[in-house]
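In the order they appear, the protein sequences are chains A and B.
So our numbering is basically just the index in the first sequence, starting at one, shifted up by 589.
So our numbering is basically just the index in the second sequence, starting at one, shifted up by 194.
Simulated from the structure, these hints should not be mistaken for laboratory data.
Remember, it's a predicted structure, so these values are computed and weren't measured experimentally.
Mixed in with the good hints there might be a few duds.
[To be verified] When the alpha-carbon atoms are kept at most 30 Å apart in a straight line, the in silico DSS-like pairs for lysine-lysine are as follows:
no., chain 1, residue 1, chain 2, residue 2
1, A, K660, A, K647
2, A, K647, B, K291
3, B, K259, A, K631
4, A, K594, B, K291
5, B, K291, A, K660
6, A, K657, A, K647
7, A, K594, A, K647
8, A, K647, A, K604
9, B, K291, A, K646
10, A, K604, A, K594
11, A, K631, B, K291
[As the list claims (entries may be wrong)] Estimated spans, in silico, between C-beta atoms of each pair:
no., chain 1, residue 1, chain 2, residue 2, range
12, A, Q603, B, S275, 41 to 49 Å
13, A, Q603, B, T214, 43 to 51 Å
14, B, P265, A, P699, 45 to 53 Å
15, B, P265, A, K631, 21 to 29 Å
16, B, S221, A, S683, 18 to 26 Å
17, A, I601, B, N276, 35 to 43 Å
18, B, T211, A, D642, 48 to 56 Å
19, B, N266, A, Q603, 43 to 51 Å
20, A, S658, B, D205, 45 to 53 Å
21, B, N266, A, P699, 43 to 51 Å
Glycine is no exception: its CB is placed at the ideal position from the N, C-alpha and C atoms.
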Amino acid sequence: QQQVKQSPQSLIVQKGGISIINCAYENTAFDYFPWYQQFPGKGPALLIAIRPDVSEKKEGRFTISFNKSAKQFSLHIMDSQPGDSATYFCAASSVGQFYFGTGTSLTVIP
Amino acid sequence: SAVISQKPSRDICQRGTSLTIQCQVDSQVTMMFWYRQQPGQSLTLIATANQGSEATYESGFVIDKFPISRPNLTFSTLTVSNMSPEDSSIYLCSVVKGGFETQYFGPGTRLLVL
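All chains should be modelled from the sequences, with the hints used to inform the complete structure.
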């Protein structure tokens with residue numbers, strides 16, 4: 590059973606647009622929700638993370654929106670740039686147990 | 195944060211041979227993990243490397259095929275034994291520092307088995 594469901598599988602956005610990637614989870618014990626960015630040939634790198642006691646966290650152009658009641662969280666990339674083209678993974682964790690989404694391949698067209 | 199290095203970064207191996215991948219962290223960490231990632235796919239946890247004791251394997255992965263060592267808090271190895279082309283993948287080391295939260299990944303080892 591997939592603990593974290595991620596959508597869409599792929600996303601194409603024009604430069605300057607907003608990229609939105611969604612994730613949903615079932616286990617209410619999860620208490621940490623990170624997003625990872627992975628470029629081809631590289632390992633995943635932590636991008637931004639949120640805890641369930643806040644509804645939104647913003648770091649530069651990247652924002653996580655968190656809806657605890659719906660058990661959903663999303664990554665918003667504002668003013669998307671070609672350099673943002675990568676694969677993005679959401680994850681959920683609790684006490685050292687990590688569960689990853691299936692990944693979203695983002696392409697930002699110049 | 196944590197700086198993680200992996201050796202080798204890539205390798206091409208013959209069927210039936212074994213390859214040992216090393217993972218070195220720049221500081222002591224709470225937990226170390228080994229993942230496998232097929233091209234364009236998500237991350238599949240192989241095992242948790244436990245310091246001073248046997249690794250904890252996920253369903254579908256066994257110690258005879260993927261023996262793991264973790265002699266101290268900054269180093270671990272994963273061996274892919276008796277390789278077949280199906281073992282061709284990216285193998286990633288990851289660590290957790292401090293509390294059970296942020297997980298950091300190494301650059302990966304790209305393995306091709308012929």
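Please check whether A/Q603 and B/S275 have a Cβ separation lying inside 41 to 49 Å. Cβ of A/Q603 to Cβ of B/S275: about 48 Å, so the range 41 to 49 Å holds.
Checking one constraint from the list: CA of B/K291 to CA of A/K646, max 30 Å. Satisfied? Satisfied, since the Cα-Cα distance of roughly 22 Å is no more than 30 Å.
Given the proposed pairing of A/K604 with A/K594, does the C-alpha separation stay at or below 30 Å? Holds: A/K604 and A/K594 sit about 27 Å apart, inside 30 Å.
Taking the CB of A/Q603 and the CB of B/T214, does the distance hold inside 43 to 51 Å? Distance hint for A/Q603, B/T214 holds at roughly 46 Å.
Between B/S221 and A/S683, is the Cβ distance one that fits in 18 to 26 Å? The hinted range 18 to 26 Å holds for B/S221 and A/S683, with Cβ atoms some 24 Å apart.
Holds or violated: A/K660 with A/K647, Cα cutoff 30 Å? Given that 30 Å is the threshold and the Cα spacing comes to 19 Å, the pair holds.
Satisfaction of hint between B/K291 and A/K647, Cα-Cα up to 30 Å: The given pair, whose Cα atoms are some 23 Å apart, holds under the 30 Å limit.
Given the hinted pair B/K291 and A/K660, is their alpha-carbon gap at most 30 Å? holds (26 Å)
Is 21 to 29 Å right for how far apart the beta carbons of B/P265 and A/K631 are? holds (27 Å)
Do the Cβ positions of B/T211 and A/D642 conform to the proposed distance bound of 48 to 56 Å? holds (50 Å)
B/N276 and A/I601 - C-beta distance against the hinted 35 to 43 Å: Holds, since A/I601 and B/N276 (Cβ atoms, about 42 Å apart) stay within the stated range.
Given hint B/K291 paired with A/K631 - CA-CA distance at most 30 Å: OK: A/K631 and B/K291 at ~21 Å, within 30 Å.
Violated hints: none; the structure is consistent with every hint.
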